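Asker: Quick note, the sequences are listed as chains A and B, same order. All residue numbers in the first sequence are consecutive under my numbering, ending with 310. All residue numbers in the second sequence are consecutive under my numbering, ending with 1310.
Derived from the structure by calculation, the hints contain no laboratory data. None of these values were measured; they are calculated from a predicted model. Backbone N, C-alpha and C define an ideal beta-carbon position, used for all residues, glycine too. Just so you know, not all the hints are guaranteed correct.
[Stated by the list, open to error] So the derived label-pair ranges between C-beta atoms look like this:
id	chain 1	residue 1	chain 2	residue 2	range
1	A	Q148	B	A1263	46 to 54 angstroms
2	A	T100	B	V1158	37 to 45 angstroms
3	B	Q1094	A	Q57	23 to 31 angstroms
4	B	W1010	A	L54	28 to 36 angstroms
5	B	V1058	A	E6	26 to 34 angstroms
There are 2 protein chains.
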Amino acid sequence: MALESELIAWLGENLPTSSRELVGLGDDAAVLGQVGGGNTVVTTDTLTDGVDFLVDQVDPQQIGHKSLGVNLSDLAAMAARPVAAFVSLVLPRQGTATRTPLELAIDMYRGMIPLAERFEVTIAGGDTNAWDGPLVVSITAIGETTSQGPLTRSGGQVGDQLLVTGKLGGSILGRHLAVEPRVTEALELHQRYELTAGMDISDGLSLDVSRLAKASGVGAVLDLSALPIAEAAHRLSEQDGRSALEHAMSDGEDFELVLAASADVAEKILADQPLNVPVTRIGELIETPGLWQIDQAGKRLPLAPCGYEH
Amino acid sequence: MALESELIAWLGENLPTSSRELVGLGDDAAVLGQVGGGNTVVTTDTLTDGVDFLVDQVDPQQIGHKSLGVNLSDLAAMAARPVAAFVSLVLPRQGTATRTPLELAIDMYRGMIPLAERFEVTIAGGDTNAWDGPLVVSITAIGETTSQGPLTRSGGQVGDQLLVTGKLGGSILGRHLAVEPRVTEALELHQRYELTAGMDISDGLSLDVSRLAKASGVGAVLDLSALPIAEAAHRLSEQDGRSALEHAMSDGEDFELVLAASADVAEKILADQPLNVPVTRIGELIETPGLWQIDQAGKRLPLAPCGYEH
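Isolated chain A, as found in the complex:
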């Protein structure tokens, strides 16, 4: 039996039954029963062997988890509720050292399914191909906005405070694979507080904050002494000699949220600490364009955005 039909058979037995009606897996396209609470939000991310993971060095379940996780993180960035994910696999025809192409595909799905169940995402099989090249995983995730509408990068105002969830830096030591998309956190914050702008940190805090500020038509100043630094950033610092702060500022794939809110709202969020992860104030939006830092004497100095450029 051909690879795609074998995989579809496996998926038919192993995908969680979703509460949403879905014509799919076998038809030419999937019909989503009810994306209709709000607007439809769509994001797509392609991950490749050698760039985003090394197929011979990681468990395929981690590849599956990461591939879906980064897409859910993009929905979180827009404060959209996940609905469905469409998975395109291009599998190496020879498989890997330890797996046939079908086994590789199934193990990747095994990594996606628990994440899909947690966030009530319907996985629609998508498209499965084999070729003589390395593994490619391309996922498109569909979400819907809540009654609050989408959270965008462009709504920030001068005087807004910048907040981040969780701790930053050193994700390469493991967190970049075990992505924890901040879906629940984004929905919770967007529902309870008036956020003006937000995004997920995928390419490095300083680079992503500079993008949020630019999209909002303002500048941003970061209070470097306030950055919440992950334990992994300290460990990485011991290995490579760059400071933990540098890692927190510029490492990609944190997949935390950076948010903007008025001073009053930010104060309330910081006092409430409504999430299971800490929310920390890291700076504010200012009139002067560009990215800035506050030094120990309280003086404003330019800061070069640093991170992962695609």
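Following the hints, complete the assembly by docking chain B onto the known chain A.
Answerer: Chain B in isolation, oriented as in the chain A frame:
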């Protein structure tokens, strides 16, 4: 400037402005203004160098056209109106013999844009990466059902007549690249006539008809003498010695529609000929499962489904 930002800059200037409001190109995900006439329909297709095209032998504009075209054909298969397309490119870091990665990407978009304009599809940039492997193009297309609902493979009834649009076979001589997605035709037919089932022919007529019949829980019999055979199938037959009929039966990538309708409705469609391409009766759905043919004496014989298995 990095590849993705250069491409986004080019897209910002060259993509058609859409009638639909779209937050995208620069935010983490795209928000579709109004997918709401009907249900949301999603399809995804990944094309790879060496399998779906040869990057050194075809114009990248044709690759772009084909990549979007096959996705629109899947929306046509469901009689869904196209809304938006999300394009993920994985570009060879070295480019091709004649193009840098950026030039390759832009030329592919140049092939997609006219098709997108014709069918009023908003192209949302999606995701752009470079790597050491060959070119991969993964497109997800979003559509919406009309007031008639989606056309599926599973609604066929015993006694329904099978119809096809256009002519079949020999697409490898050129039509497989210059895909003409039957979007308008599908919407027109689904609007004016009561169709019971339908799909696009992407893997070969006999294989795809057997799938439609199976999904509908019935069998199908094809009247081989009635198949509309493309001129290209005759030319290919001269080259490879297989009959033109065999090519029409089993060649992939025709991207025509096969449809089922009651005898009365089918008769009306055939008399009206409401499209710019011919509609031809090729057989009917029967109670006996499986795929069958009618021989010249009118006798029913088994027919092996033949086509492109992924």
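Asker: Does the Cβ pair B:V1058, A:E6 satisfy 26 to 34 angstroms?
Answerer: 31 angstroms, holds
Asker: Do the beta carbons of A:Q148 and B:A1263 sit within 46 to 54 angstroms of each other?
Answerer: 53 angstroms, holds
Asker: When you take the CB atoms of A:T100 and B:V1158, is the distance between them in 37 to 45 angstroms?
Answerer: 40 angstroms Cβ-Cβ, so the 37 to 45 angstroms window holds.
Asker: Within 23 to 31 angstroms: is that where the Cβ-Cβ distance between B:Q1094 and A:Q57 falls?
Answerer: Since the Cβ atoms of B:Q1094 and A:Q57 sit about 25 angstroms apart, the hinted range of 23 to 31 angstroms holds.
Asker: If I claimed the Cβ atoms of B:W1010 and A:L54 lie 28 to 36 angstroms apart, would that claim hold in this structure?
Answerer: Check passed, 32 angstroms falls within 28 to 36 angstroms.
Of the hints listed earlier, there is not a single one the structure fails to meet.
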